[in-house]
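Those protein sequence lines, which keep their order, are chains S and E. The first sequence begins at 18 in my numbering and counts up one residue at a time. The second sequence begins at 4 in my numbering and counts up one residue at a time.
Read the hints as simulated data drawn from the structure, not as lab findings. Remember, predicted model here, so these are calculated numbers, not experimental data. Among the clues, some could well be false.
[What the hints assert, rightly or not] Okay, the calculated bits of chain S under chain E, using three or more residues with CB under 8 angstroms as the criterion:
hint, region
1, 141 to 154
2, 182 to 190
3, 335 to 344
We put the CB at the ideal spot given by N, CA and C, even for glycine.
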Amino acid sequence: MLALAALFLFLAQVVLATDTNIAPYCVIVGGQIIPVQSNSSLPKKYGGETLYLQSGVSPNHRPPTPKPTPKPKIAITPVPAPAIPAPITVKKPAKEHSSHKTVQSPSSTSDNKSNKDLGDDYGNAKSISDPLEPMNRGTFWFNHQLYHYVFIPLSKTYKFIFPQLVRTGISNFFLNAEYPTRFVNNLLQGKPGRAGLETEKFLYNSTVGVAGIMKPSAKVPWLADLPSTDTDATLAHWKIPSGCYIVWPILGPKSLRDTVGFVGDIALDPVTWPTYGTLGGVAGATTLAVSAPKTTTKTSEKLDTYEALTRTSIDRYSAVRSAYTQNRKKVSEQ
Amino acid sequence: MAGSVMASNEAAESRLKSSVDQVVAIAKASKDRPSLIAKVQPVLEKILDFQIMTRRAVGPGWRQFTPQQQKEATSLFTTLILRTYTAKFTPGEYPDVIYKSSSSQAPGRVEIPTTAQYKGSRYDVVYRMEDKEGWLITDVMIEGVSLVANYRSQFDSEFKQGGVNAVLQALQRSVAESK
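Produce the entire structure from the sequences given, and follow the hints as far as they go.
Written as structure tokens, this is what we have:
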């Protein structure tokens, strides 16, 4: 049973988290996805056959179509009618400014700046361009069935066999072992100070924390809140745009850039190192043996997040896409 | 000016802390999940501003709702938020919350970053609070993911497809399914 679970979960890296510098535009030309900064940066030759397929969910990343009306000035609008009528806002009416003036459709949402002035900015988060939405939704549906009917039951079995304490230990161990990913990426982002702290944390947890199974660094003020980082964050730091949103089978959501980052993270993960040099054979088996519990633990954690996020959602797909985008933004900005 | 900002930060912080302490005390004392949720609910109802959260989550389309529809949407969304919030509550388990220094982006608004250690994991949680005849939570960001913005993205796609009715139906469906 466990072997089966490990095998399944080895295949799974449900990555729900990750992005910043979101959304340049993506165009599809001859079956290829090409991220571009804006309409104007498109090579001329693509001009005629370019498909702009915006998700439409967020208006913030539409190509800057020239609008005759500039950003409206708030003061001029004579319609500050209370957005909420009396029965609902009995407790707190007046103070809140009315939010938007034209409300024909969500696409008339004013941009982040003017919303800020109106005190209604919390709803607006940057969204990622999603030209592949129809296909992505299909893959998302497939993944959901897989998580729901296969991975989540397996994950429950795993949790039943290993109590929380053991799972935390396994999780700590692998998180500690991923030190090279954080060290290298901090250096690549020009943060030698953080790379040094990561080293201190790694040495401390590896010794006092018994090979990283325990996490004594959580009690050290300057090590406890060291923000995590990865290859995608480095690419974001280098101002490489995220590219469009892709839902991979089994793996789940990633931006185009994060897909590249993911490969970088795998390469920097010591767990995969035995495979280098000698492909297959004993080394390959070692990697598989070591990475199975890692993937099982990580997947189980990520499935928890997925379940929590989608259980009370209105539209699962949009919920996951938004969470992914917001979380990646945080990781790469910290 | 600086003094008043400090004072409002402190007021918001102490309000948040007392609510979190109440929730922790309830979680410590509760024996089973249903009673835990039943006891926690009133505490959350006092500190969360459901009207504002619903309105912002729906976004600009809110103006097209009739008062009756707004009322219904708020009530359904309240149920969903409470479920989202209490989904992870387990009797006897409670988060270890560390408060960091809060900041104020505008008068009457305070953001309080915290770290919550819960069931072996560490989460960055930012509480956004606003002064509406007392400090209330108007948004919660867990690991960078804002609750309000997350729902806004979902409501946007529903609204685009079928307007007010689509939003209400989606809410009803979600409330029925997430029981």
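Tested hints:
no.: 1; hint: 141 to 154; verdict: holds (count 3)
no.: 2; hint: 182 to 190; verdict: holds (count 4)
no.: 3; hint: 335 to 344; verdict: holds (count 7)
Of the hints listed earlier, there is not a single one the structure fails to meet.
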